[in-house]
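Engineer: Here is what each chain is made of, one letter per residue.
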Amino acid sequence: MKRHWYGLVVLGLLAFVGVASASEEVRVELQLRPPHLDPTLTPSATTAEAMHLNVFQGLTRIDREGQVQPALASHWRTSGDGRQLILGLQPDITFHDGQPFTAESAAFSLERLLDPEAGNPQRHLFSAIERVEVAGPYRLRLHLSRPDALLPFRLGLSAAVMVHPYSAATNAERPVGTGPYRVDGWRRDELHLSAYPGYWQASPAISRGIFTFTANRLEMENALAEGLIDLYPDGSTLLSHPQLSLRSDYVMQDGLSEGQVIVALNHARPPLDDLRVRRALSHAVNRQALLSIYPSAEPPVIGSHFSPLHPAYVELAERYPHSPKRARELLAEAQAEGLELTLTLPPTIYAERASLFIASDLEAVGIRVRLERLSWQEWLERVFTNRDYALTLVAHVEPFDLDIYARDDYYFNYRSETFRALWERIEAAQEESERHALLGEAQRHLAEEAVNVFLFMKPQQAIYKANLGGVWQNAPIPAVPLEELYWK
Amino acid sequence: MQPAMGLTTRAAVLTALMVLVAFGAIALALSTFSKYRDAVGFLADRQAQVLVTTSRLLQQSEGMVASTAMLMLAEDHLSRRQAMFEIADRKEWIGRLVEDLAELRDADEHFAPIYLARDRLVERLEVLDELVSQRINLREANAQQALPDVLTLARLAQVEAQIAEVIRTTRTLSMDLSVAVGYHLAAARQESQRRVDALAEETRHSEALLKASGLGVLLVVLATVAFIHHSVVGRVTRLEQALRRERPLPEEISTGGHDEIARMARTIHRYVDRINHNEQRILTMNRELDFLASHDGLTRLHNRRHFDQTVTQHAETLQAQGYCAAMVDIDHFKQVNDRHGHAAGDRVIAHVAGLLRGGLPDNALLARYGGEEFAVVLPGMAPAAALECLERIRRRVAQTPLLVEDAQIPVTVSIGLAPQLPSGEVEHCLRAADESLYRAKRSGRNRLVLRAQRAGDAMGERA
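From first to last, the protein sequence lines stand for chains A and B.
Numbering of the first sequence is given in numbering that gives the first Met the number 0, commencing with residue 0 and proceeding in unit increments.
Numbering of the second sequence is given in numbering that gives the first Met the number 0, commencing with residue 0 and proceeding in unit increments.
Same shape as in the complex, but just chain B (with noise of 0.2 Å):
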């Protein structure tokens, strides 16, 4: 396996890329939802239960004032009673408000004026009582009197004079109290309209974060498209493509990367690789075997078929320009290949066969026509100049001799020239030709017989 990333560890990668997006998205929704939750419960409940309680300590000390009233207006002891107990369960009251107050806002440094208020004008109010408990007994007492007492009159109109002086204290001490509440009720609007604020903006934030997060999964969702279609479908239509074309070239097959499709990629261009190089080694076969066809294996010359289908084929253009033909035989072959071996023979055969390839032009005709004899038709020479080219490669043989095994075999050959007859055909020719070979072997060999025109040439006749 390779150390890096396949094609599955990356689609799985991309997957848990995709469902880590998707759930963060779920749980920044599901936060959002709790958030919103907590904190429409703490306004509805905290924040209710604030105002609600703010409210009835400001009702509360509201009502001190009724129960002033009440108290001032007393004309028994009863009615003064019931409004002491009522002002007393009024500040009972108020205590526990702002106790819960202080608890519920988690704050106490502001609620010392409240108290304060309270005490000071509760402390009022008691004063008011005894003044108004000897008030109801100066009125009793003047009832029970047949005539008005003097003494008990100027009490009375003291008493209420004192009774005034104390109402108007216990007003302003109302109010302070009515305004040491309000502030609380004031404070607690204000923070409803705070936590109001903060929830409107967190929710806004978490809004924009839940939009990203969804456009987050879609670019992760087109990511894996993208990644799919380029690492996948795109690399498989390519291949595909290569492999389609009648000869896929390795080449056209990419290699690159390291996942399954790139091994499997290149297991393909091995394959491609080796159906072409094996391919190749038919042609180079079929090459080889058209060559053996048309050729003599030893010499590389071609043989006596290709040289007879040659000389038919150009017979015109060959009579047309003129042309010498010519046979060529190593003298007393027998008697290397006796003497040396089948194998010095062929060396030697194939030794001739260089020089005479070397010595003839290169428009020359040249074949292994039997064993150890050679064709040759020069198109467009006179005799003359074919004569003198053969000459010269005869002189070439019987002074270039051959080495084998450190033993130098001389080599000569005797050739028949023959130039183009009356008739034209190069079979005439060449049958002329070898019988001038035939001549220059039984004169002694190393030597060349041109064969001279005759009168019956004329009438295509054997010479």
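With the rest of the complex left out, here is chain A (with noise of 0.2 Å):
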């Protein structure tokens, strides 16, 4: 009986380690169910939440400043012209399977990058890349067309993390990276993510982290209510935001995201390739009285594509004040009285919440609306990939994403020849004053287009337990890093 004995001891220590292990685990909810787990072929923000920084790393990262940090490149420096960008990367890095990091898979992953074939959604920012050189076992030289100052920045976005060309087609469903997080798969709609034991930087606090995607409402704040979250990176719109931020074991707090909230039109459906009626639609919504979605925070409001906390902002908020007249007014130019219009909705709490007022605000000049409600992956696929809508509401989280305008490709359908020029000009911009000149010009002739009906820079109220520490404030990039969490 003894070795009985010794086994129940050794259960016992086992269920100690379990408690003690258990600890360090983090919930984390995204309420959007990523389409796949590749950040390299997926516009949706949520597959970078989840992936970026915790399973794939770029060249570069984005810190919670904003700022560009080493990552896999420990150094880099720019040639005299400009044209040249060289990388020392850190050596003795592997990937999850095992495969060692170096300037090959680098070199590898940047070229699938800027393979048209390979479908990377941001492949157009990295567009000045013109060749990628192996310089050496841990060198990347990177040969450009035109300077491009951005370039370290855009390396630390999840468009940019670094593949393997093993895994590299399959990391849709097993994603492999060097971040300091495995996938352990799916276990019934929740993602599981665990230490990586080879992970060539310190060992994280937190070992194992779960993402949750809970697109209902009602489901969510039920299981914020149960305690059941850790963290929730986008609190911001919860009806329950009162209660919550009652709560003694919830912390929320205040911050910024790079998303610019946007009620999207689609231009290639008369009348809205009507500027008259475009700029209807931007009297007839009143932005401030929108604001009342967040209980508690006061985000900017703006008036063309581009984040108030860039040095090249332009005011343009009051470019199209409130007026249901002046909108009626336009619409009867426009011979659009009477018109009907179908708000499309992705399954986000602020798109829900925020489309209300949209519709009141557009039934208000007499524009009859219909609200449809889409899952995520619908919405990607209808809106985004088959650009089969009239209107819908989004937040464009991607930092500096201003070239989309000057993309024929993009969901908005909108060309503008006058656009695009400006933004090669933009990008071939030396000087910096010269460019933040050129981009308030950009954004002024967006704002006067009404290419969108611009709403308001959208908040991050990140909601998380008391005890949780190291939650980023701001989301300059949407990522959630679980290698900065810990448990107080």
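Hints in this document: simulated from the structure, not taken from any laboratory.
Keep in mind it's a predicted model, so treat the numbers as computed, not measured.
One or more hints might be untrue.
[Claimed, not checked] The calculated DMTMM-like cross-link candidates involving lysine to aspartate or glutamate, where the alpha carbons are at most 20 Å apart (straight line), are:
#1 Lys90/B x Glu362/A
#2 Lys464/A x Asp253/A
#3 Lys440/B x Asp330/B
#4 Lys324/A x Glu371/A
#5 Lys324/A x Glu371/B
#6 Lys440/B x Glu372/B
#7 Lys440/B x Glu390/B
#8 Lys333/B x Asp345/B
#9 Lys90/B x Glu377/A
#10 Lys90/B x Glu371/A
#11 Lys333/B x Glu390/B
#12 Lys90/B x Asp118/B
Two chains, two frames, some hints: make the complex.
Structural biologist: Set out below in structure tokens:
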């Protein structure tokens, strides 16, 4: 029987260890279930939130203040003429499958990023890169078609994470990166991550991360009420926000994201191709009243697709003051009275809440509105990919993504030679002052064209357990780095 | 080696049995713990999930009532849409909760009423949404007019009536939904209880089995001890006791069985047997030596030394009861030896000794006294009777020739007989008988001469 007691003792110890390790687990709610897990192949920010900086890492990383920091590249410099970016890579790093990270795999990742066939939705951000050269086992030289001061920042975006040739093709289902966590897999609708023992930096305090994706607002509020969620980075629009802010076990944190919340218009759908109609929509919406969806935040109202945090920001919020009268006049001018529009919504709480106000505002100027709710997958497919919509309400969380208005293939269906030329000049601009001036021009152009109805900067009110430390206050990029979290 | 089980084998079998029973008990205990763990895990995990899911389901189905109230009370489209969003969220979540429940409870036959009640309720709520929307529009239209419009008011009253009707049906449908969900909550509770009961029962069963196993181990241990005591200690002790005797008896050494102790016992048995046999032989030899010390080897009669000792020992008795003494000598014995050889001579001596032995009474003392000479003392016998007895023997000898290798050897004896002398001493009497023998030889042999009483006999002088 002695052996048996040993067994019991071992079981007891295991149970103890189990209890001990359970406290190093964190449950993060992200609301939108990612279409897949490869951040280089989807515009869905929720994939980046779960994967970037946790499973995948880039050559550089953007920190919580939005600053560029070394990551897989320990240092870099730009050549005198600005036409080369030379990066020195960290040695002795392995992917989760044991494959080494070298200049070869980095070059593969960047070439894949630049390959139009590979389908990286952010490929255009890296269009300055002409050629990738392996200059040594841990040395990479990027040959640029033009100087690009933003390139180190962009290399820190989720679209530019490093992958390995062996695993790149299956990253969507079985992601293999160099980050502090590896993916254990899906259990029901939860994504489980655990600390990678071979991580090249210090082991993180949190050993297990569980991402949950609860689209249903009631269900999520219920989960929060039951204390099942340790961190929800975007609790701003919760109806139960006031109740939750009274709880001592949860902390609400005010912050801003780089996300512009807009009513995106499909320019290919008449009469949205009519500038008067678009301006009527901009006048119809009462942005200030809309902000009541945030019980405890006052995000800045915007008049263009640009962050007020950026030094080149131009104040355009009052370009289209709330005026139902002016809106009706413009609609009458465009002979678009009795207009009927469908507002297609992704399943985010801010979109649903804001849509109620937008619908009332549009109805107030005589537009009949139908609200259509879609799942995230449906939204990505129908709206983003197939551009089968009239109006949609969404936040563009990618930082500094003004270039999307220069793209023909973007879901707005907005085509402007003027803007494209402007953007080319912005990219070629060497001087910062020149760049900023051009960026200001670009903002004004988008506002004048009323390309979309620009609403406000999306607040990032993280709600998390009071004893959880290390949560990002702002969200300069969509990411929830578990590595930086710890239990107090 | 014997085909039967040896001590080692039996000990090994018992040990194996003990180990087997012990391991069986351990395995049983482990399996009980494992079952217990599984059952507790199931209860904690799955049943808890079922209970949580059904509770949430109940909460959401009851929440439908709140959402209905919110919709009914909506004063503008924003509130109305918000209510409808909430209703859609509840509908979607109820659907998923039911799916979860169906998966958790491995059953689907009873879930249809929930879906049905939910869908009918939502259907009615959509109708309500449309009516509320109309009401909002009519109220707004009314508010914009300076004077109340009769038609609008009539339409409004009609819509209000329809809303009241829909509300009544939604109330019933909400109840149906709650009842359908409540059924599963109760079922889940019952299932939990059943699981707990089954677990308790199984634990009790395992407990009894474990106790029995413990008892089994104890019995096997006792059996082992008894076996060792009986088969080893007991037998070795008995063997030791048997061997401790001064003269161990082979029949006391138990040699039954086929094991190592039995083989050892048989070896000891054979050894003891051999020792006893040898001892018997030594005793026989000793008896033979004793016999030869007092007897004559050829005739098996007493020898002269023994005869003299006996006579001396019993002298008083003889004198008291009276006796006669006689000396017998084979006639012409030298010639027999010379003619027929010493072997034939020996046979003649043995032949005469046999006839003497046969002819004398049982209490007569008889010994081979010299080469072919015999001494006889006849206690309590009168000279006349002695004479008659000895004369009969003499005649018998003379009439019984010895047959040696087809040749008849005639044998005769001369006898000198003397009665008890007045001195009473046997030695004197024998000497007197010897004198008579001498006379008999001188008188022609094959005769008996009785010594006559003389005057000097009383003084005990030489006759």
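Engineer: A separate judgement is required for each hint: does it hold in the structure or not?
Structural biologist: Tested hints:
1. Only pairs whose Cα atoms come within 20 Å are accepted, and lysine 90/B paired with glutamate 362/A is rejected, the gap being roughly 27 Å.
2. Restraint check: the Cα-Cα separation between lysine 464/A and aspartate 253/A comes to about 15 Å, which is no more than 20 Å; the hinted pair holds.
3. Simply put, lysine 440/B and aspartate 330/B have alpha-carbon atoms about 8 Å apart, close enough for the 20 Å limit, and the pair holds.
4. About 27 Å separates the Cα atoms of lysine 324/A and glutamate 371/A, which puts this hinted pair outside 20 Å; it is violated.
5. The hinted pair formed by lysine 324/A and glutamate 371/B fails the criterion: a straight-line CA distance of about 184 Å is larger than 20 Å.
6. Restraint check: the Cα-Cα separation between lysine 440/B and glutamate 372/B comes to about 13 Å, which is no more than 20 Å; the hinted pair holds.
7. Note on lysine 440/B and glutamate 390/B: the hinted pairing holds, with a Cα-Cα distance of about 15 Å set against a maximum of 20 Å.
8. As the CA atoms of lysine 333/B and aspartate 345/B are separated by approximately 11 Å, the hinted pair is consistent with the 20 Å bound.
9. For the given pair, lysine 90/B sits about 19 Å from glutamate 377/A by alpha-carbon distance, which is consistent with the 20 Å threshold.
10. The suggested pairing of lysine 90/B with glutamate 371/A holds, with an alpha-carbon distance near 16 Å, which does not exceed 20 Å.
11. Among the hinted pairs, lysine 333/B with glutamate 390/B is inconsistent with the structure: their alpha-carbon atoms are about 23 Å apart, more than 20 Å.
12. Proximity of lysine 90/B to aspartate 118/B is assessed by CA-CA distance (about 8 Å); at most 20 Å being required, the pair is judged to hold.
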